[in-house]
Amino acid sequence: QQQVKQSPQSLIVQKGGISIINCAYENTAFDYFPWYQQFPGKGPALLIAIRPDVSEKKEGRFTISFNKSAKQFSLHIMDSQPGDSATYFCAASIKGTYKYIFGTGTRLKVLA
Amino acid sequence: SAVISQKPSRDICQRGTSLTIQCQVDSQVTMMFWYRQQPGQSLTLIATANQGSEATYESGFVIDKFPISRPNLTFSTLTVSNMSPEDSSIYLCSAIRTGGSNYGYTFGSGTRLTVV
Numbered sequence: 021q022q023q024v025k026q027s028p029q030s031l032i033v034q035k036g037g038i039s040i041i042n043c044a045y046e047n048t049a050f051d052y053f054p055w056y057q058q059f060p061g062k063g064p065a066l067l068i069a070i071r072p073d074v075s076e077k078k079e080g081r082f083t084i085s086f087n088k089s090a091k092q093f094s095l096h097i098m099d100s101q102p103g104d105s106a107t108y109f110c111a112a113s114i115k116g117t118y119k120y121i122f123g124t125g126t127r128l129k130v131l132a
Numbered sequence: 270s271a272v273i274s275q276k277p278s279r280d281i282c283q284r285g286t287s288l289t290i291q292c293q294v295d296s297q298v299t300m301m302f303w304y305r306q307q308p309g310q311s312l313t314l315i316a317t318a319n320q321g322s323e324a325t326y327e328s329g330f331v332i333d334k335f336p337i338s339r340p341n342l343t344f345s346t347l348t349v350s351n352m353s354p355e356d357s358s359i360y361l362c363s364a365i366r367t368g369g370s371n372y373g374y375t376f377g378s379g380t381r382l383t384v385v
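Keeping their order, the protein sequence lines are chains U and C.
Letter by letter, the first sequence follows residues 21 to 132 of our numbering.
Letter by letter, the second sequence follows residues 270 to 385 of our numbering.
One chain only, chain U, in its complex shape (with noise of 0.2 Å):
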């Protein structure tokens, strides 16, 4: 009940397609969902979070929605470019403790 699940694995999308990850969740005490970026030989970078009292949020090209009674949420990364490629995670944050479950990454690489 505590997993967070992410997929797809990988992912491949040409330059200026839309790419999308989901991640769903079993835990109704999660209340905060942020999208982690990585690329490597760095630490995660914070992308954009959501609450489940909002069902969609922008921030430039990157997208979170949220569907509360699915208890899924997805990032859409619109006008994908090459720099754009690193590993996405979606992350849930437990009620009141700021303790992150991760999902488990996607590969993205945005071909030139």
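Fair warning: there could be bad hints in the mix.
In the BS3-like style, the derived pairs of lysine-lysine whose C-alpha atoms are separated by at most 25 Å in a straight line are [to be verified]:
no., chain 1, residue 1, chain 2, residue 2
1, U, K129, C, K276
2, U, K88, U, K62
3, U, K35, C, K334
Quick partial rundown of chain C residues pointing at chain U, CB under 10 Å, derived from the structure [as the list claims (entries may be wrong)]:
no., residue
4, S270
5, Q275
6, G309
7, T317
8, C362
9, T375
10, S378
11, R381
12, L382
13, T383
14, V384
Bear in mind the hints are in silico, worked out from the structure with no lab data behind them.
All residues carry an ideal CB built from backbone N, CA and C; glycine is no exception.
Assemble chain C onto chain U, guided by the hints.
Below, chain C alone, put in the same frame as chain U:
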């Protein structure tokens, strides 16, 4: 957001020895955490570093193996004790300031540990 410096960035150690990893944050933060990431894998929380008191460990991690200190609001150390090849991993320090509506972590660049 806070900037985290982590040292060393990588090390190769002999089995049976110990390594201490340092994490320095450029400003006071509320909470600090230590994560482990196997190469190409996800992140697993080891423990919450509590200022001035014993760390809080997650299931599967114990203080004797991973002693943690946090003497003040900007510094923490993680020691990997009596290392074995199974401890080869990337160890990441993270920190947050609580109180706002957005409490995303900041991560250090990690320490890549290889045990031979």
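Checked hints:
no.	hint	result
1	U:K129 <-> C:K276	30 Å, violated
2	U:K88 <-> U:K62	32 Å, violated
3	U:K35 <-> C:K334	46 Å, violated
4	S270	7 Å, holds
5	Q275	8 Å, holds
6	G309	8 Å, holds
7	T317	7 Å, holds
8	C362	8 Å, holds
9	T375	7 Å, holds
10	S378	5 Å, holds
11	R381	8 Å, holds
12	L382	14 Å, violated
13	T383	14 Å, violated
14	V384	19 Å, violated
Going through the hint list in order, the structure does not satisfy hints 1, 2, 3, 12, 13, 14.
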